[in-house]
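Enquirer: Here's the letter readout for the chains.
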Amino acid sequence: MELTAAHDDDKLVKKVYEIYGSVIRERKPIRNPREMVKVLREEYKLIVDERVVSLVVAAFMAGRPVLFEGPPGTGKTEIGEAILTLWAGKSAFILPCSENYDEYRVIGDFHPLMALRYGFTEDSFIPRPLLAAIILDAGVLVDEIRRSSEEFQNMLLDIIDKRRIVVPELKRVFRARGVGFQFILTSNPEDIGQGELSDAFLRRVVRIKFDYPPPDLEAEIVRIRYDAGAVLPDELLGKMIEVVGILREKSAYKPGPADTVLWARIAGRLAELRGSRRVEVRDLVEAAQIVLYKRVDEEDVVDDALRRVFGG
Amino acid sequence: MMRSEGSSEAEPCLGRLIDVVEAVAVELRRRGLHISTSQLVDAVRVAVNYSAVRGLDPCRLLASDELGFVLSAVFARRPGDEELVAEAVKRYTRERRQSPLQEFMRHVESDLRVLNVTYGSRIRNVQRLVSDRARAHAYARLKLLGIIRRTRHGERVVSRSEAVGIARSLLTSYGSYRAALEAMAIKDLERGGRRAALLGQELTAMRLEKVNVDSLLALARSLLRQGELSAALELAKRAARRIAHGERVRDVHLALELLRSLNLVDRDVAVAMIRQEPSIAVQLSELVDMGRIIPRLAHDVREHVVAQLVKSRKHAGFVLRLLAEGAISVYDLKLVRQRDSVLAAAAEAAQALDYIARALSEANPAYLDMAAYTVARLERGAGAAELAAEVRWLRTVVAMLERGDVDGALRAVVARLQPARAIELLYAASRSTDRRVRAAAQRLLAVVASRLRRSGAGARERVWGRRGHLDLRKALRLRFFLSGDYNIAVSRRGREKVVLVLDKSGSMRPYALACVMAAASFAENVSRIVLFDSRVYVMNVRGRLRLQRLLDSLFAVSFEGYTDVARAVAEATRAHPPSKLVLISDLRQTVAGGEDPRAAIERAVRLGWRVYILAPPTLDRRVIEGLRGVRVSLFSSELELTRSLRRLLQ
Ligand SMILES: Nc1ncnc2c1ncn2[C@@H]1O[C@H](COP(=O)(O)OP(=O)(O)OP(=O)(O)O)[C@@H](O)[C@H]1O
Ligand SMILES: [Mg+2]
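Protein chains in written order, with this note's numbering: chain U, 10 to 321; chain X, 495 to 1144.
I should point out that these hints are in silico values taken from the structure, not numbers from a laboratory. Take these hints with a grain of salt, some might be off.
What the hints assert, rightly or not - DSS-like, lysine-lysine: derived pairs with alpha carbons at most 25 Å apart:
1. X:731 x U:218
2. U:263 x X:584
3. X:584 x U:259
4. X:584 x U:303
5. U:171 x U:24
6. U:218 x X:991
7. U:54 x U:37
A quick note: this is a predicted structure, and the numbers were derived from the prediction, not measured.
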């Protein structure tokens, strides 16, 4: 991404382009939900309901952030990133949250050595992703928002609401330059050991629930993502989804579509390694031990489910 | 505010979409969802945008199920909210063809027709007008909504444009004609309810949840005066239910008068009324069977009630009948002052048992002497024949104690006492300085513990299964969860686990006992229990809770007498994924040198713990001042504590 003449005199802006320009890729923005759905499927290999995309777009138009909520592996992160990218016409920034994330890590901080030399000025200031996003007018995906602290969440809300970032140390205010600067947040409400989102937060976001897809949709997801050479017969794929369905009911670790996809791909590879052109039950069982055994005390549950569906 | 944006005249569908979103928001507010104005603005924007980008004409959006999807994305915040949103959306999209404004005006105009007036007319002779029921209702509605107004020249109907203005502004606040009328009726009720009372039967279709029970009763009274019998009955019934659920009334006697005239005083109402005002028991004893009421009262209330009943009846027969039926025991008669020899003897017997209990818990030989003396007097005195069995029993217990059979005496007394008292006694005895008493009390608690562990779902039952035989398990459950205000809850699966940190030092110990019992009942939601004074005891709960161990640790006496809140919090959070931490303590750290409790709590918060502190009003406020990310609530009784804890655990 290249700097345009409009603001090449600003040191900080220039710095942002230097640091992030090479990783941010531009493309033609797409903001029509129907077309977005098509591109998501064809380019990003993501199957997304048009209603979801429309609601995201509607929220963006109303200046509201969107919260994707749902169990792991249902595509929240990937879909969020892709939608932001299409909307802004350039790659989105991702902020993976953790409790010790603070504004210095996302907005910017001073390089200690440079600060010694130049003092606390723009020369020694290192812009971080959020500041870069507002300057580049790119979208921001805040992943696993519930892992962040409440202060962090409040700071984000303030930036989203006012569409500007204040850096008091530099005595500067950065305002959003266009409509590309949008937010999607992800969260998994069932994940224990995470904070709950405050009421104030929930009042401001548009929440979209993600859930495990129905079997035929899940099959489609696996198909679209399947890239091994060996053929995966429809019948076996159906049975895999049956197994996954059982585990979602019975076990504490609930495999998401992401696991189903991985399971299929590994089984495909195993079949290839055997020199076979077709995936067979034994490949699936072997791959299941790699993908689905997540907890030692639940291996039995997985074995049971495999036995029930595949027999033997 | 938003209507101008949608310009409902030019684009009727868009206007209607906006109306529906507003109406849904208002409905949700009434259902208890907090929806701010800016959220409402957002919702309208998002819905309008959605219909645009989705390429759906707003009317088609209204007809599809997608509006629910959109609005729950904006309005729902907690599990369960979605259903509320879906319901409200359905209500305002499917059932109603008209816009709220059209509907509003249609109601107004039909009422005007009933009164045979039009916009701008004067209203003459109100008295005659309201003599007819249909006309009275129509008049009341128009009056409540402000369509009929008092002016200098008497009452008048407003002009049509004024009426539309009123309708619009009411709809903005309340969403629909019904909701507006209800809100206005409630406002009127708060000011005495003269107009609202004219609505008669129509009031029964309103929810009136926000109206306090006193206004409800007043309304029922004035309906009764107007001869609206069925409406009065219906509202009084609601009031009675609410009283039975513990809502307080300003004047119990007045409430009783009304409810009694409508034959609405049942046992639940009676119990609730007595809890609020024990002296009313005398009047109630003519309406309900006191034998069924008294066992449901807490022991201190019960003593008062029995004393009152005896006093008012001037003769002992009634109380003696209750005694014979087993509804009360001799030991409820402690406060009775009567010439009647039997009752006097009974009161004395109660006193004797009290001495015995104290002898057990306080290890003071004087009490045993006093018990022995009282029993001896009883044996000689009048009324001994009627109470022969009790006196013999008292004699046996005294003899046991004199022999030093503490265990036997404790068992005998616990079985005889009211559950609440029995537990208090055991608890006090388990702290006795006499080692034998302590050991016996703890053994008995162990029995309680093992019964509690084996206990199944548990239902609301009487404690006194057979006469005089106390089921300790039931008693405990009743004491802490069932009796009146306690309800046992079924825990949901897949809930986040809670770590409980209980201060058992000094004055906190009785509370710790209540907490341990609550924890036992919700063991599946608790992953760790930490009990502490100067020492810290940690129990990880896997599947089941070892109550015996907890009680052992709870009753173990600390000789240092210090409290180490900080270390307790540190231990509680060690090697445990961050989740909910419930700390019950007065936060008075009395261990010198260690970490400061505030720092320990702050660290837990930084690690991602959600910390809830439940504290008595004596807490050390400096610890919590300005503490971020921590919720503190105060309790001033065991009951309040159990309630808060239940909310956090279930
Ligand atoms: N609708 C979908 N279309 C295509 N792939 C999907 C879809 N849903 C899930 N997947 C699969 O899941 C993966 C995406 O998982 P992603 O990490 O985005 O999920 P997540 O919901 O963010 O999970 P987590 O809560 O673990 O972060 C994709 O790589 C793909 O294999
Ligand atoms: Mg993710």
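Enquirer: Against this structure, judge whether each hint is valid.
Expert: Evaluation of the provided hints:
no.: 1; hint: X:731 x U:218; in the structure: violated, 42 Å
no.: 2; hint: U:263 x X:584; in the structure: violated, 33 Å
no.: 3; hint: X:584 x U:259; in the structure: violated, 34 Å
no.: 4; hint: X:584 x U:303; in the structure: violated, 42 Å
no.: 5; hint: U:171 x U:24; in the structure: holds, 24 Å
no.: 6; hint: U:218 x X:991; in the structure: holds, 24 Å
no.: 7; hint: U:54 x U:37; in the structure: holds, 18 Å
Figure legend: structure checked against the earlier numbered hints; hints not met, in rising order: 1, 2, 3 and 4.
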